[in-house]
Amino acid sequence: KAGVTQTPRYLIKTRGQQVTLSCSPISGHRSVSWYQQTPGQGLQFLFEYFSETQRNKGNFPGRFSGRQFSNSRSEMNVSTLELGDSALYLCASSSGQGFNYGYTFGSGTRLTVV
Amino acid sequence: DQQVKQNSPSLSVQEGRISILNCDYTNSMFDYFLWYKKYPAEGPTFLISISSIKDKNEDGRFTVFLNKSAKHLSLHIVPSQPGDSAVYFCAASEQGNTPLVFGKGTRLSVIA
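Protein chains in written order, with the working numbering: chain C, 1 to 114; chain S, 1 to 112.
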């Protein structure tokens with residue numbers, strides 16, 4: 001069965017631009033969570049979507065937003081990019097809300113802001 | 001305020017020996033703990049978990065120990081193999097249905 005697919009794998013953007021990242025969960029999984037990984041901070045939770053509804057949100061500024069579609073695919077958007085947004089963005093899917101159902105991570109999107 | 005702490009950024013161990021990775025937490029509401037392993041250019045993969053009703057869980061070469069009074073858990077890998085070289089993340093959750101809170105990771109290098 002196909003895993004979690006994140007596109008694109010790599011992205012270079014200029015400060016001030018906006019970016020949209022995509023995540024396709026495992027077929028049948030209804031929950032998608034997003035994490036930001038930076039060398040200094042480890043993995044930090046951004047938000048979780050379940051059945052198109054945002055169920056949890058981390059402590060990130062409003063420039064970070066997301067959504068989930070009826071087919072469970074999810075996108076996250078970052079507007080007015082800052083240099084500090086350079087990070088690996090990871091998406092994880094599970095069959096139910098919360099990780100007890102098993103989190104499976106994608107390989108991530110490496111975003112570089114210059 | 002970091003709720004899950006992995007105080008050792010890196011650890012080097014000889015092949016065949018035991019690797020011990022440590023993790024401390026501050027939130028007493030955490031009752032489910034997990035370890036993930038991450039290779040470069042890949043997402044984290046689940047390794048082993050433990051709930052607060054247990055103090056030990058084993059899966060092959062991997063054992064996780066939980067000391068609730070000390071708010072401390074550890075991952076033991078015996079024997080360590082070169083393929084175990086990766087970054088290991090400790091994560092915790094409340095009642096299994098809140099977002100995972102991760103530590104900053106420990107880079108394990110197993111030297112042949």
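These aren't lab readings, by the way, just hints derived from the structure by calculation.
One or more of the hints may lead you astray.
[Unchecked claim] Residues on chain C that point at chain S, a partial pick, calculated with CB under 10 Å:
(1) P8
(2) F60
(3) S86
(4) L90
(5) G106
[Claimed, not checked] Residues from chain S that keep clear of chain C, each with C-beta distances beyond 10 Å, as calculated:
(6) G16
(7) T26
(8) Y36
(9) E42
(10) K54
(11) K56
(12) K68
(13) P82
(14) P99
None of the values given here were measured: they were computed from a predicted structure.
Note that CB positions come from ideal geometry on N, CA and C, so glycine has one too.
Checked hints:
1. Taking 10 Å as the C-beta cut-off, the interface hint given for P8(C) is violated, the closest approach to chain S being about 14 Å.
2. Because the closest C-beta pair between F60(C) and chain S is about 12 Å apart, greater than 10 Å, the hint is violated.
3. A cut of 10 Å between beta carbons decides the hint on S86(C): the least distance to chain S is about 16 Å, and the hint is violated.
4. Evaluation of the L90(C) hint against chain S yields a held restraint, the C-beta minimum of about 6 Å falling below 10 Å.
5. Interface hint at G106(C): satisfied, since its Cβ lies 5 Å from the closest Cβ of chain S, which is below the 10 Å cut-off.
6. Look at G16(S): its CB is around 29 Å from the nearest CB on chain C, clear of 10 Å, so calling it non-interface holds up.
7. For T26(S), the requirement that its beta carbon stay farther than 10 Å from each beta carbon of chain C is met, with the minimum near 15 Å.
8. Not every CB of chain C is more than 10 Å from the CB of Y36(S) (nearest about 8 Å), against its label as outside the interface.
9. Interface exclusion of E42(S) from chain C breaks down, the closest Cβ pair being 5 Å apart, not more than 10 Å.
10. Every C-beta of chain C lies more than 10 Å from that of K54(S), the closest at about 15 Å, which supports listing it as non-interface.
11. Residue placement check: K56(S) keeps its beta carbon more than 10 Å from all beta carbons of chain C (closest about 20 Å).
12. K68(S), annotated as away from the interface, keeps every beta carbon of chain C farther than 10 Å; the closest lies near 19 Å.
13. For P82(S), the condition that its CB be more than 10 Å from all CB atoms of chain C holds, with the nearest at approximately 22 Å.
14. Non-interface call for P99(S) relative to chain C: violated, since the shortest CB-CB distance, roughly 4 Å, does not exceed 10 Å.
In summary, the numbered hints that this structure violates are 1, 2, 3, 8, 9, 14.
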